[in-house]
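Novice: Residue strings, one per chain:
There are 2 protein chains.
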Amino acid sequence: PSSSGDGEEEAEYPAAAVRAKSIYMVSDGTGWTAEHSVNAALGQFDHCLVDRGCPVNTHLFSGIDDLERLMEIIKQAAKEGAMLVYTLADPSMAQSAKQACEIWDIPSTDILGPITEAIASHLGVSPSGLPRGAPGRTSHLTEDYFRRIEAIEFTIKQDDGALPQNLHKADIILAGVSRTGKTPLSTYLAHKGYKVANIPIVMGVELPKTLFEVDPQKVFGLTINSVVLQTIRRARAKSLGFSEEIRSNYSEMDYVRMELEYAGRIFAQNPMWPVIEITGKAIEETAAVILRLYHDRQKKCSMPRISKRY
Amino acid sequence: PSSSGDGEEEAEYPAAAVRAKSIYMVSDGTGWTAEHSVNAALGQFDHCLVDRGCPVNTHLFSGIDDLERLMEIIKQAAKEGAMLVYTLADPSMAQSAKQACEIWDIPSTDILGPITEAIASHLGVSPSGLPRGAPGRTSHLTEDYFRRIEAIEFTIKQDDGALPQNLHKADIILAGVSRTGKTPLSTYLAHKGYKVANIPIVMGVELPKTLFEVDPQKVFGLTINSVVLQTIRRARAKSLGFSEEIRSNYSEMDYVRMELEYAGRIFAQNPMWPVIEITGKAIEETAAVILRLYHDRQKKCSMPRISKRY
Ligand SMILES: Nc1ncnc2c1ncn2[C@@H]1O[C@H](COP(=O)(O)O)[C@@H](O)[C@H]1O
Ligand SMILES: Nc1ncnc2c1ncn2[C@@H]1O[C@H](COP(=O)(O)O)[C@@H](O)[C@H]1O
Ligand SMILES: [Mg+2]
Ligand SMILES: [Mg+2]
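Taken in sequence, the protein lines are chains A and B.
All residue numbers in the first sequence are consecutive under my numbering, ending with 310.
All residue numbers in the second sequence are consecutive under my numbering, ending with 1310.
The hints are simulated quantities; they were obtained by calculation from the structure and are not laboratory data.
Built from N, CA and C at the ideal position, the CB exists for glycine as well.
One thing to keep in mind: the hints can contain errors.
Straight line, CA to CA, 30 Å or less: simulated BS3-like cross-link-like pairs of lysine-lysine [claimed, not checked]:
(1) Lys1075(B) x Lys1021(B)
(2) Lys299(A) x Lys1209(B)
(3) Lys157(A) x Lys1209(B)
Pairwise CB distance ranges (calculated) [what the hints assert, rightly or not]:
(4) Arg265(A) x Thr1142(B): 29 to 37 Å
(5) Gln165(A) x Arg1297(B): 56 to 64 Å
(6) Arg1265(B) x Asp254(A): 35 to 43 Å
(7) Asp1296(B) x Met71(A): 17 to 25 Å
(8) Asp215(A) x Gly1129(B): 37 to 45 Å
(9) Ser1139(B) x Met258(A): 19 to 27 Å
Produce the entire structure from the sequences given, and follow the hints as far as they go.
Specialist: Structural data, given as structure tokens:
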């Protein structure tokens, strides 16, 4: 997707506007669930999205908890020939959305209803029908909330090899050469409640002693294809405005290969650390691999899984 | 949810295990989409989850892209009396999951299929049927990817009022007293691609001059109910092991009120800054409010929305 930050309007792109199809997403909450599902589904159309063979515009409307605004959006969707994806906890709101879409011939998909109904009959309990912002719902100041906040703050403080004396407090430690995505991966995992520390591997710079003193079960090595790493480093060096000299050391192929081999030797010396190949993986994909291994090591299930209790 | 980090096993909780219902989530990708949808739906059962009146265990299986492991998981779900929630891009895998669940009488919900089909017919394009990890799919090294990474790194560097000379480079600036959730909110927004800086408001500490020189459209004040803030600060002071003396200044009611009033006066002097009440809001909820305002200010649509092009 592009332009989440700079607020483009369809009207500014008359050429694309002719063909671009719109997807309206409406939620009585944040809209992130609808957005997440639509994003996953759009992954199934990468083959025609990349070359803009089937351009798509998405429009996310959050906090829609009254019928009036809901109907205004649906009317607008009808005008634009958009489809509607919605998450509306109040059954009468969901019903209204569905009916209005039928009347105006708008394709629509209910993201929340089917899964809520399935869970309701599985649990034998009726859903509350209350949107997440509704007054009187339970407080967010749970143990889990504080744990997440603490994980995020810990992780930020430990970025880029800082405070190695704290490594024993981390749940997960990531080690890898520059531009293997340690920082974004760390904060992604932190938002899931894990305390993460990341340690850069740089030729000629000694690794902190504490890295070899902590439980090796929690250390993960990151590696990447050398050609891809060079591409990423070149982009990085350019955006940081590195001088030619630094740049060559940082992103020249010989150096990149040597540094990856150096990291590889460290990983070989620490065979308990799983080494994760990140080439071509999105942040959330690498996170999934790490957490699968992490949870699998903690409890020996027949099949790796991440379990939670509610 | 509890225990994502410490890997508990159902068997360790014999009392709860008797009654807890299981939800199995299976994905050929990361599983985050299924998890996100199930979490939203479980919000509809808060009334019986909080007192563990209807205990639930979730089990997330990611990277399941072969029939054999899929069937093994479904068999296990049948044994445990679990329900199955799945996202499987390959239509034959999805079909197999559906049929196996029917045969074994397992309630099941397909999260990806319905939305993908709706989008397919809206676009007039067939879905690829390829899971996200499949070989040959498009690279992640898009402009958008680099923008996100840059946003995350910027945001970490700007945490807690650091480097005020960079405030003009931020997309969003958050200002608020200690424990209004600035840091987690900043990294959450950063993962969505926004460069965020956060500035603590502390009585007796001057705010950086640059805060008043930047576009006031991008500054957001955070405020919170004083009683709730005191509760949060007490928990914080305890976990950090503050001494009685510091603690009283930090979390005593008079001080908390005075500091919030002080922040309120600064906000009043800067009427262009929207002030966001975060009491009782989850991080992602505050993020939704901020981004709605942020995008609304950039383009004057009839209805606030966040738009993206694919
Ligand atoms: N904690 C919660 N309590 C009640 N409803 C929720 C909760 N979280 C999400 N939902 C509902 O799930 C749907 C998706 O939420 P959102 O991702 O915020 O758009 C909306 O209809 C929300 O009202
Ligand atoms: N970029 C993508 N390309 C293809 N399929 C995707 C993409 N992202 C998500 N999916 C599919 O959407 C479903 C949910 O993905 P996940 O959230 O990773 O479990 C899975 O079936 C994935 O294979
Ligand atoms: Mg880094
Ligand atoms: Mg902070």
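Novice: For every hint, state whether the structure bears it out.
Specialist: Quick rundown of the hints versus the structure:
1. A distance of roughly 16 Å separates the Cα atoms of Lys1075(B) and Lys1021(B); the hinted pair therefore holds under the 30 Å criterion.
2. Taken as a hint, the Lys299(A) and Lys1209(B) pair is broken in the structure, with Cα atoms around 53 Å apart against an allowance of 30 Å.
3. With a C-alpha separation of about 25 Å, the suggested pair Lys157(A) and Lys1209(B) falls inside the 30 Å cut-off, and the hint holds.
4. Against the hinted window of 29 to 37 Å, the Cβ-Cβ separation of Arg265(A) and Thr1142(B) comes to about 32 Å, which satisfies the hint.
5. For Gln165(A) paired with Arg1297(B), a C-beta distance near 44 Å fails the hint of 56 to 64 Å.
6. At about 59 Å, the beta-carbon gap between Arg1265(B) and Asp254(A) misses the expected band of 35 to 43 Å.
7. Checking the proposed 17 to 25 Å range against Asp1296(B) and Met71(A) shows it holds: the Cβ atoms sit about 20 Å from each other.
8. Between Asp215(A) and Gly1129(B) the beta carbon distance is about 41 Å. The supplied range of 37 to 45 Å therefore holds.
9. Separated by about 25 Å at the C-beta atoms, Ser1139(B) and Met258(A) satisfy the suggested range of 19 to 27 Å.
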